[in-house]
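Just so you know, the protein sequences line up as chains S and P, in that order.
Anchor point for the first sequence: position 192 equals 192 in the working numbering, and the numbering is continuous, going up by one each time.
Anchor point for the second sequence: position 217 equals 217 in the working numbering, and the numbering is continuous, going up by one each time.
Hints were generated in silico from the structure; no laboratory data involved.
For clarity, every value in this text was computed on a predicted model and none was experimentally measured.
Ideal placement from N, C-alpha and C gives every residue a C-beta, glycine not left out.
Incorrect hints may appear among the rest.
Part of the chain P face toward chain S, derived, beta carbon under 7 Å [as the list claims (entries may be wrong)]:
{"id": "1", "residue": "Gly-3"}
{"id": "2", "residue": "Leu-5"}
{"id": "3", "residue": "Phe-116"}
{"id": "4", "residue": "Val-217"}
{"id": "5", "residue": "Asn-221"}
{"id": "6", "residue": "Ala-257"}
Residues from chain P that keep clear of chain S, each with C-beta distances beyond 12 Å, as calculated [claimed, not checked]:
{"id": "7", "residue": "Ala-13"}
{"id": "8", "residue": "Ala-73"}
{"id": "9", "residue": "Ala-83"}
{"id": "10", "residue": "Ala-92"}
{"id": "11", "residue": "Asn-113"}
{"id": "12", "residue": "Pro-120"}
{"id": "13", "residue": "Arg-121"}
{"id": "14", "residue": "Leu-143"}
{"id": "15", "residue": "Trp-157"}
{"id": "16", "residue": "Asp-175"}
{"id": "17", "residue": "Arg-211"}
{"id": "18", "residue": "Val-214"}
{"id": "19", "residue": "Leu-247"}
{"id": "20", "residue": "Pro-262"}
If we take Cβ atoms under 10 Å as the criterion, some of the chain P residues that face chain S in the derived model are [claimed, not checked]:
{"id": "21", "residue": "Ser-57"}
{"id": "22", "residue": "Gln-109"}
{"id": "23", "residue": "Ala-249"}
{"id": "24", "residue": "Val-258"}
Chain residues, written in single-letter form:
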Amino acid sequence: MNRIAAIATAAAIVSGLAAGPAAAEEAKKATFPVLVPITGFLALEGTAQRNGAVLALDEGAEGVSVAYEVQDTGTSPEVAVNALLRALSRDEVSAVAASIFGTQMLAMMPVAAEAGVPLLTVSGTAKLTELDNPWVFRFFPTDAVVKVAQARYIVEELSRKRPAILYQTTAYGQSGRGHLVAAFEKLGAEVVYEEGLAPDVRDMLPALSKALAANPDVLVLHLHSGPTALFVRQAKANGTDLPIVAGSAMHQPTTAALLEPAELAGVCAESGSSPVSVGSPEMDAFAQAYRARFDAEPDAFALGQYDAMRMALSAIADGAATPKALRDKLASMVYEGLAMTYKSDGTGNMAHDAVIVCYDGESRIPRIAARYENVDGAR
Amino acid sequence: MDGALTLQLLLNALALGAAYGLVALGFALVIGATGAVNFAQGDLVMAGGFLTVALASLLPVDGLLLLPLVVLAMAGLGLAVCAVAYLPFRNAPPVSVFVSTIAIGIMLQNGANGLFGAAPRAGPPLLSGGGEPGGLDLDRQSLAVIAAAVLLAGGTWLMLYRTQLGRRMRATAQDPEMARAMGVNTTRTIALTFALATALAGAAGLLLSNRYFVTPVEGSNLMLKAYIAVVVGGWGRIGGALAGALLVAGFEVIVSAVLSYPVAEAGLYICVLLLLLLRPQGLFGEALGRRV
Numbered sequence: 001m002n003r004i005a006a007i008a009t010a011a012a013i014v015s016g017l018a019a020g021p022a023a024a025e026e027a028k029k030a031t032f033p034v035l036v037p038i039t040g041f042l043a044l045e046g047t048a049q050r051n052g053a054v055l056a057l058d059e060g061a062e063g064v065s066v067a068y069e070v071q072d073t074g075t076s077p078e079v080a081v082n083a084l085l086r087a088l089s090r091d092e093v094s095a096v097a098a099s100i101f102g103t104q105m106l107a108m109m110p111v112a113a114e115a116g117v118p119l120l121t122v123s124g125t126a127k128l129t130e131l132d133n134p135w136v137f138r139f140f141p142t143d144a145v146v147k148v149a150q151a152r153y154i155v156e157e158l159s160r161k162r163p164a165i166l167y168q169t170t171a172y173g174q175s176g177r178g179h180l181v182a183a184f185e186k187l188g189a190e191v192v193y194e195e196g197l198a199p200d201v202r203d204m205l206p207a208l209s210k211a212l213a214a215n216p217d218v219l220v221l222h223l224h225s226g227p228t229a230l231f232v233r234q235a236k237a238n239g240t241d242l243p244i245v246a247g248s249a250m251h252q253p254t255t256a257a258l259l260e261p262a263e264l265a266g267v268c269a270e271s272g273s274s275p276v277s278v279g280s281p282e283m284d285a286f287a288q289a290y291r292a293r294f295d296a297e298p299d300a301f302a303l304g305q306y307d308a309m310r311m312a313l314s315a316i317a318d319g320a321a322t323p324k325a326l327r328d329k330l331a332s333m334v335y336e337g338l339a340m341t342y343k344s345d346g347t348g349n350m351a352h353d354a355v356i357v358c359y360d361g362e363s364r365i366p367r368i369a370a371r372y373e374n375v376d377g378a379r
Numbered sequence: 001m002d003g004a005l006t007l008q009l010l011l012n013a014l015a016l017g018a019a020y021g022l023v024a025l026g027f028a029l030v031i032g033a034t035g036a037v038n039f040a041q042g043d044l045v046m047a048g049g050f051l052t053v054a055l056a057s058l059l060p061v062d063g064l065l066l067l068p069l070v071v072l073a074m075a076g077l078g079l080a081v082c083a084v085a086y087l088p089f090r091n092a093p094p095v096s097v098f099v100s101t102i103a104i105g106i107m108l109q110n111g112a113n114g115l116f117g118a119a120p121r122a123g124p125p126l127l128s129g130g131g132e133p134g135g136l137d138l139d140r141q142s143l144a145v146i147a148a149a150v151l152l153a154g155g156t157w158l159m160l161y162r163t164q165l166g167r168r169m170r171a172t173a174q175d176p177e178m179a180r181a182m183g184v185n186t187t188r189t190i191a192l193t194f195a196l197a198t199a200l201a202g203a204a205g206l207l208l209s210n211r212y213f214v215t216p217v218e219g220s221n222l223m224l225k226a227y228i229a230v231v232v233g234g235w236g237r238i239g240g241a242l243a244g245a246l247l248v249a250g251f252e253v254i255v256s257a258v259l260s261y262p263v264a265e266a267g268l269y270i271c272v273l274l275l276l277l278l279r280p281q282g283l284f285g286e287a288l289g290r291r292v
């Protein structure tokens, strides 16, 4: 062995020793583009989604080397598709934290299927899991779960049978309205009034006055954040003492922050989870880490996306080395997340539980009033 | 519908119309002075709302006390908008100003989103205290909003029709070449018009921020309402813009109370289309000889 070869061999041995376990068992590399709407009309929900994903990916997993990059998808499908194509062209992608905006998801899904990459989302658009696309996984309960829970709470717990429904005229609102009406009918309740409101409606008094004229015994909302707060404020200002059971927007801390605690008395909301409510030590740790990192309160969208990324990391740590293996693992495994237990129903719907949270009129932190597990019977 | 409810609905319509009126007034002022449409006007209202939220976190006082600060700061922003989005393009085709003001609007949206986040935020009430659930506080806030808007619109009218600056502004709006020939510094006058229009937008943002909250993406909707108000009232006509705004808000609130929101929305656009067909100069006639 000449001198140069000896030095090279020694260097190789030294570097091998320095690498130690890494050389013996190389860390599995996992790359996750986070493609979510951070600007535009879904920025509130998209930002929560981004935060949840980032928190989970920063925590990482033992034996997994995690890389991620956040891209804003704005509000148009083509921006989302371009972001996905860019991410796929740059790295070997393990899975994508994909937009909460259903229209963007519908555009991204064929691209993801062709590339063979799982999309992990908290989008509520029903159609996503009705298209026989095995690459999409939804970690937020659909309307078939949360709206049924909302109706059941009203009829079974509050014993109210004359609901008035105010919903948004958007696709989101109409989907929720359809499930609510069907659930109330099944439960034997008579919907005495319903009206669709455009998201830009500012004065809620006309809707409130017409709803009250129909003599309901409960006001049921399925509105976005701002309109929900506007309606609750208007109802309280008019001295309405009917219970209000709202959609998931009301559980968001940012919605509650728009109202005084007294205005929230008697107001409840459905949601997939409520990270700010008193929960388990693990949930409290999540909420604290979230606050420390983002200076904001976590909501169910953040927690859903957090659980999604933790489940993916767990599957990769468990040996799912390729995107296809990860897809197969996600489709078959049961995962105990922070919000709930996740299991695919065969179409990619992973979340099957819902909670009802209620405000006591003294603080903006709701308590969990009811839990509904495996509402759709898919788990 | 009982009397108290009808009164409350009318009050709500007036309060909403008064705030829309300030938006439309600023919009009409810029059209009058430059012949160009400031598509950032709605986003400037949004910026005024967020500025109010930011100031309220530093100075927890009534919105009324913050109003002068907001108006002054927004007037400064108006000068900047003029310098960046209008003056470089004043001799270019009008579409250049359309695009530059749209760009300003998008920058304001994304700036607000980056600084304040996407969640709706509530500004302070114009006048605090005395609010009890049951309608009284809403009445009080509505009346305060109406009073503040009337004062601001009245002050604008006095400035336009009773001061030398107002005369210069009107002269520049009617015939910039002649105004320049008569010694009016039209560039400065146009810049001051932008400042005034933006200050009014900021005031509208403050008035709307408590009752209706403020989000980074609401500007385009407000812009649309201002545009309709100006079309209804007569292109570039100051009084017409105010009247148009009141009509738009009144139509929205009353029709949605009697029929439904979708009917009110569809009805509003049908009425605007009919108006354009039957009386394209608006209810009160155009102030300008040309339409942008």
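* To do: Determine which of the earlier numbered hints do not hold for this structure and return their numbers in increasing order.
  => 1, 3, 7, 11, 12, 13, 17, 18, 20 and 21
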